[in-house]
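Number of protein chains: 2
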Amino acid sequence: MSKKKSAAPAKQLSDAALELIATRFRALSEPMRLRLLNLLMQSEQTVGQLVEASGSGQANVSKHLALLREAGMVGVRKEGLTSVCFIADPIVNELCDMMCCRLREEMEGKARSLASGLG
Amino acid sequence: MSKKKSAAPAKQLSDAALELIATRFRALSEPMRLRLLNLLMQSEQTVGQLVEASGSGQANVSKHLALLREAGMVGVRKEGLTSVCFIADPIVNELCDMMCCRLREEMEGKARSLASGLG
DNA sequence: ATTTCATATCGCCATATGGCGATATAGCAA
DNA sequence: TTGCTATATCGCCATATGGCGATATGAAAT
Chain U
1 MSKKKSAAPA KQLSDAALEL IATRFRALSE PMRLRLLNLL MQSEQTVGQL VEASGSGQAN
61 VSKHLALLRE AGMVGVRKEG LTSVCFIADP IVNELCDMMC CRLREEMEGK ARSLASGLG
Chain V
1 MSKKKSAAPA KQLSDAALEL IATRFRALSE PMRLRLLNLL MQSEQTVGQL VEASGSGQAN
61 VSKHLALLRE AGMVGVRKEG LTSVCFIADP IVNELCDMMC CRLREEMEGK ARSLASGLG
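First to last, the sequence lines map onto chains U and V. 4 is the number that the working numbering gives to position 4 of the first sequence; each next residue is one higher, with no gaps. 70 is the number that the working numbering gives to position 70 of the second sequence; each next residue is one higher, with no gaps.
The hints are simulated quantities; they were obtained by calculation from the structure and are not laboratory data. The model shown is predicted, which means the values in this text are computed figures rather than measured ones. Careful, some of the hints might be misleading.
Same chains, same names: a pair is fine if it fits in one copy or spans any two.
[What the hints assert, rightly or not] Listed next, the in silico DSBU-like pairs over lysine-lysine satisfying Cα-Cα at most 35 Å (straight line): (1) 63 with 78; (2) 110 with 11; (3) 110 with 78.
Generate the whole structure from the sequences, applying the supplied hints.
Spelled out as structure tokens, the structure:
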């Protein structure tokens with residue numbers, strides 16, 4: 001049998017499960033957090049580097065990182081005085097890649113229909 | 001070459017792109033919206049059916065559906081007096097499946113380490 | 001036209017969240 | 001010790017969001 005596409009009939013999810021899922025997606029629902037994750041996808045970085053690269057305040061970056069850590073998406077390794085952050089769950093890359101692909105498809109579709117509408 | 005796993009080096013995303021992505025994930029970041037999507041995964045349903053099945057108020061369901069429609073995740077087909085809703089983008093199923101699988105793995109991992117901790 | 005049903009929208013309130021400046025903490029240096 | 005650096009946390013404010021009751025809209029039935 002095929003391994004692609006959920007063949008399962010979409011079970012009813014419990015309230016608790018919905019809460020968990022929502023919390024995970026919520027972690028991905030803020031541009032600044034996505035920026036931090038995007039930076040970490042390029043390479044591990046210290047909090048300070050993220051502060052500088054993100055252009056956000058230190059307090060905010062710290063709060064966002066705490067939330068991402070709480071969600072299991074980011075890990076931290078102490079290294080001397082600094083804390084090095086990294087993507088702790090590959091699902092982050094997968095979800096973002098998937099979303100980006102989808103958006104690109106949509107934009108291309110829109111562009112095509114716009115172009116043909118000019119004909 | 002393999003088609004699995006993003007081989008791309010995680011490009012830097014623009015602010016606009018981050019906003020778009022965040023908006024999509026935000027649509028999935030509320031338990032009630034996830035419930036509606038979960039219901040629609042079982043079958044198309046009218047707004048009224050969703051109101052009843054979700055246990056939420058009609059106004060709220062309507063607002064949530066508007067947001068999901070705006071995000072391109074839900075579609076609506078008028079049928080006489082009623083509006084029939086359906087999942088408009090298969091990415092919804094994929095993202096939710098992926099997240100559910102991941103959470104299940106984590107829970108099982110936690111359970112195992114708890115169990116071994118009792119030894 | 002009037003009524004009725006299904007849905008959308010509005011106004012309000014309570015809570016949650018992000019950004020900011022200030023402060024606290026913790027590890028290393030002198 | 002004292003001080004310096006990197007990060008976390010706190011308090012505050014402004015905004016965003018979800019739920020609720022009431023109302024508006026719009027299509028079908030009478």
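Comparing the hints with the structure gives:
no.: 1; hint: 63 with 78; verdict: within (17 Å within a copy, 45 Å between copies)
no.: 2; hint: 110 with 11; verdict: both (34 Å within a copy, 23 Å between copies)
no.: 3; hint: 110 with 78; verdict: between (46 Å within a copy, 24 Å between copies)
Hint violations for this structure: none, all hints satisfied.
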